[in-house]
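*Asks:* Sequence order for the protein chains is U and W. Positions 1 to 284 (the working numbering) are the ones given, in order, by the first sequence. Positions 1 to 314 (the working numbering) are the ones given, in order, by the second sequence.
Derived from the structure by calculation, the hints contain no laboratory data. Computed from a prediction, not measured in an experiment: that's the story for all the values here. We put the beta carbon where it would ideally sit given N, CA and C, even for glycine. Accuracy of the hints is not assured; some may be wrong.
[What the hints assert, rightly or not] Okay, the calculated beta carbon distance ranges per label pair:
1. Gly61(W) to Lys259(U): 56 to 64 angstroms
2. Gly266(U) to Lys149(W): 51 to 59 angstroms
3. Lys149(W) to Gly77(U): 27 to 35 angstroms
4. Thr62(U) to Glu298(W): 17 to 25 angstroms
[Claimed, not checked] BS3-like cross-link-like pairs, simulated, lysine-lysine; straight-line CA separation at most 25 angstroms:
5. Lys144(U) to Lys310(W)
6. Lys175(W) to Lys46(W)
7. Lys174(U) to Lys84(U)
8. Lys310(W) to Lys162(U)
9. Lys144(W) to Lys59(U)
10. Lys241(W) to Lys310(W)
11. Lys310(W) to Lys132(W)
12. Lys229(W) to Lys175(W)
13. Lys162(U) to Lys243(U)
14. Lys59(U) to Lys28(W)
15. Lys89(W) to Lys258(W)
16. Lys162(U) to Lys247(U)
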Amino acid sequence: MANLKTSEKKSKSQSMGMHTEVLTGRTQQKFFNPDEAENFYYFGTYDVDFNKRTELDVKNMTAPEANKEIDNLMSQGYGTIVIKNPQGKHSLGVGILNKLNLIFEGSLGYFGMGSCDGPIVRINGRVGWSCAENLMAGKVVIEKNAGSCFGAAIRGGDLICKGSVGARTGIDMKGGTIIVGGDAGAFTGFMMQRGRIIILGDVGINLGDSMYDGTIFIGGEIGSYGSDAVDAELTPGDQDWLKRKLKVAEIGENFDVSKMKKIVAGKKLWNYDNLEPTEKKGAI
Amino acid sequence: MCGIAGLIHRGKSSNVGSELQGMLQALKHRGEDSTGYALYGDTDGKNFIMRFKVGENVGEGSSSVMEDISVYDERKKIVDQHLAEMGAKIVKEERTLPYSLRYEIDYDTKDLLEFSQKIESIPGVEILSMGKSLEVIKDLGNAKMVCDKYDLDKLVGTHAIGHARMATESGVDIKSAHPFWGYPFSDVSVVHNGQLTNYWNNRRALENKGMRFMSECDSELIAVYIAQKMREGATLEEGMKESLAGLDGVFTYFVATKDSLGMAKDTMAAKPLVLYESDDLVAMGSEEIAIRSILPQEIDTYDPFDGEVKVWQI
Numbered sequence: 001m002a003n004l005k006t007s008e009k010k011s012k013s014q015s016m017g018m019h020t021e022v023l024t025g026r027t028q029q030k031f032f033n034p035d036e037a038e039n040f041y042y043f044g045t046y047d048v049d050f051n052k053r054t055e056l057d058v059k060n061m062t063a064p065e066a067n068k069e070i071d072n073l074m075s076q077g078y079g080t081i082v083i084k085n086p087q088g089k090h091s092l093g094v095g096i097l098n099k100l101n102l103i104f105e106g107s108l109g110y111f112g113m114g115s116c117d118g119p120i121v122r123i124n125g126r127v128g129w130s131c132a133e134n135l136m137a138g139k140v141v142i143e144k145n146a147g148s149c150f151g152a153a154i155r156g157g158d159l160i161c162k163g164s165v166g167a168r169t170g171i172d173m174k175g176g177t178i179i180v181g182g183d184a185g186a187f188t189g190f191m192m193q194r195g196r197i198i199i200l201g202d203v204g205i206n207l208g209d210s211m212y213d214g215t216i217f218i219g220g221e222i223g224s225y226g227s228d229a230v231d232a233e234l235t236p237g238d239q240d241w242l243k244r245k246l247k248v249a250e251i252g253e254n255f256d257v258s259k260m261k262k263i264v265a266g267k268k269l270w271n272y273d274n275l276e277p278t279e280k281k282g283a284i
Numbered sequence: 001m002c003g004i005a006g007l008i009h010r011g012k013s014s015n016v017g018s019e020l021q022g023m024l025q026a027l028k029h030r031g032e033d034s035t036g037y038a039l040y041g042d043t044d045g046k047n048f049i050m051r052f053k054v055g056e057n058v059g060e061g062s063s064s065v066m067e068d069i070s071v072y073d074e075r076k077k078i079v080d081q082h083l084a085e086m087g088a089k090i091v092k093e094e095r096t097l098p099y100s101l102r103y104e105i106d107y108d109t110k111d112l113l114e115f116s117q118k119i120e121s122i123p124g125v126e127i128l129s130m131g132k133s134l135e136v137i138k139d140l141g142n143a144k145m146v147c148d149k150y151d152l153d154k155l156v157g158t159h160a161i162g163h164a165r166m167a168t169e170s171g172v173d174i175k176s177a178h179p180f181w182g183y184p185f186s187d188v189s190v191v192h193n194g195q196l197t198n199y200w201n202n203r204r205a206l207e208n209k210g211m212r213f214m215s216e217c218d219s220e221l222i223a224v225y226i227a228q229k230m231r232e233g234a235t236l237e238e239g240m241k242e243s244l245a246g247l248d249g250v251f252t253y254f255v256a257t258k259d260s261l262g263m264a265k266d267t268m269a270a271k272p273l274v275l276y277e278s279d280d281l282v283a284m285g286s287e288e289i290a291i292r293s294i295l296p297q298e299i300d301t302y303d304p305f306d307g308e309v310k311v312w313q314i
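Given only the sequences and the hints, what does the whole structure look like? Please build it.
*Replies:* Next comes the structure, spelled out in structure tokens:
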């Protein structure tokens, strides 16, 4: 079982507040080494040329047909693909493990861009529930509003919504950054474990309920705090990072980050993981 | 998982039967055990329109009991007798299916409670809707099947709500299908997506106040709850706001009256809803594809937040 050391700061990510937990267990020492990148092969990926551009009209396609065609275009080396007429279809753009410029000229339904690793995506419309669920890396920008469970369980990458988002934004997120230009609903950051959430507007009730780690920044009013979510000091380092992140995200560039509230885990739940199964039973 | 959809045209009428059919058919993957429509048609407002059933659809998948068609005929005869006794004159009669009827009635009353109780005292008879504009049509199957069966795509009106049902809490039958009429209020209807966890407590309390339940579907509670609030003097919006605290569970529901359409979402926002709002049209559904079926062009939509209640007028 991994050991938890709360006082020791071992990496830049930890000092930046991305996570404060230091894992020293054996499995944690097997991190990916960037020097070995050339030996690393992702099944189902292609070499693409960003200057090679094409359009795909999915009006009369089902989601599996559209996704298969995107894969086919990547296999032909297309690095920039513009999707026409998505018209709120579910599950578009899922499972892309490539570097790719993907542009949707319209809105997506549920589960859009789920389980992706690497693409740069711009959606010139709205997205439904669970957009970019399990995102590993890359950047997804939504120009309008998003539904609930926005960025559920993302591991990495940047997920940006310029409008407002629904409830449970960043539920169970384990890394990466979610940025929202408008308001967010109830249970934002519910059970989040790592990563950061930035909401420039207001949030609903139970913010950060049962969050284990990670950081939430709120620019507007907070409906109420969830269990184990507490205020923390907004440091100059936080403010610098927020300014940079908002600039890169092309959102709220002139926003006064010094007035943002920072919310972290109260860490009452931390000891739970140290217990043996029989002790856990007793603790529930 | 069920799907709900609704739309209201402001300042004009449209082919709401066809529009709602398209919206509900787009949601058929959320459930096609039954589909129901509450359509608010253009009428002269003189007569009541009563949609009622004298039996059930016992087709494939139904949990209803098979009855001989002669039983339906006998029940219809008793309904006619009761109407005559109450001084209600049948102006127009349509029998779309052996068990499903539509009457236009010349009847002068503001209190439909006594009227409804008398009609529904006939075993096997249920009033699906009663109003000067409202018509509730519900049956087994998906939106297109029900629309075709009842010839709904030509209906012109101002607003409509509908429901595509995946039966989870009660049987696959018409009595458990949505929309529910807000008995005994003229022109009130409800559709719901979710589960209510304090159904029985509320039901017992409302039954003690004289309200009636025709099914064991938890969603029926919303119609009765709102109707009771309005009976006590609350406006539609006030009743809906009170429901956020009075109803436990997860829900998104729509209520429609003769001239308005409202939506409410529970405080956990556990059930989906996408909303499009413009000066002349409001359209909403469990998924954006429902709205896309009538507005294929690029539009701005959003999810209402937790605990939000909205009401629009025609």
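*Asks:* Would you mind marking each hint as holding or not holding in the structure?
*Replies:* Hints and how they fare:
Checked against the given bound of 56 to 64 angstroms, the beta carbons of Gly61(W) and Lys259(U), roughly 58 angstroms apart, stay inside it. Distance hint check for Gly266(U) and Lys149(W): the Cβ-Cβ separation is about 58 angstroms, which falls inside the suggested range of 51 to 59 angstroms. Look at Lys149(W) against Gly77(U): about 52 angstroms separates their beta carbons, and that is not inside 27 to 35 angstroms. Evaluation of the 17 to 25 angstroms hint for Thr62(U) and Glu298(W) yields a pass: the beta carbon distance comes to about 21 angstroms.
The straight-line distance between the Cα atoms of Lys144(U) and Lys310(W) is roughly 21 angstroms, inside the 25 angstroms bound, and the hint therefore holds. Using a Cα cut-off of 25 angstroms, the hinted pair Lys175(W) and Lys46(W) is violated, with the two alpha carbons roughly 28 angstroms apart. Restraint check: the Cα-Cα separation between Lys174(U) and Lys84(U) comes to about 32 angstroms, which exceeds 25 angstroms; the hinted pair is violated. Of the supplied pair hints, the one linking Lys310(W) and Lys162(U) holds, its CA atoms being roughly 24 angstroms apart against a limit of 25 angstroms.
With a C-alpha separation of about 21 angstroms, the suggested pairing of Lys144(W) with Lys59(U) holds against the 25 angstroms cut-off. A distance of roughly 9 angstroms separates the Cα atoms of Lys241(W) and Lys310(W); the hinted pair therefore holds under the 25 angstroms criterion. For the hint pairing Lys310(W) with Lys132(W), the CA-to-CA distance comes to about 24 angstroms; that is within 25 angstroms, so the pair holds. Taking the CA atoms of Lys229(W) and Lys175(W), the gap is near 23 angstroms; set against the 25 angstroms cutoff, the hint holds.
A C-alpha spacing of about 16 angstroms is found between Lys162(U) and Lys243(U), which places the hinted pair at or below 25 angstroms, so the restraint holds. With a C-alpha separation of about 19 angstroms, the suggested pairing of Lys59(U) with Lys28(W) holds against the 25 angstroms cut-off. As the CA atoms of Lys89(W) and Lys258(W) are separated by approximately 22 angstroms, the hinted pair is consistent with the 25 angstroms bound. For the hint linking Lys162(U) to Lys247(U), the alpha-carbon distance of about 13 angstroms falls within 25 angstroms, and the restraint holds.
Checked against the numbered hints above, the structure breaks hints 3, 6, 7 and satisfies the rest.
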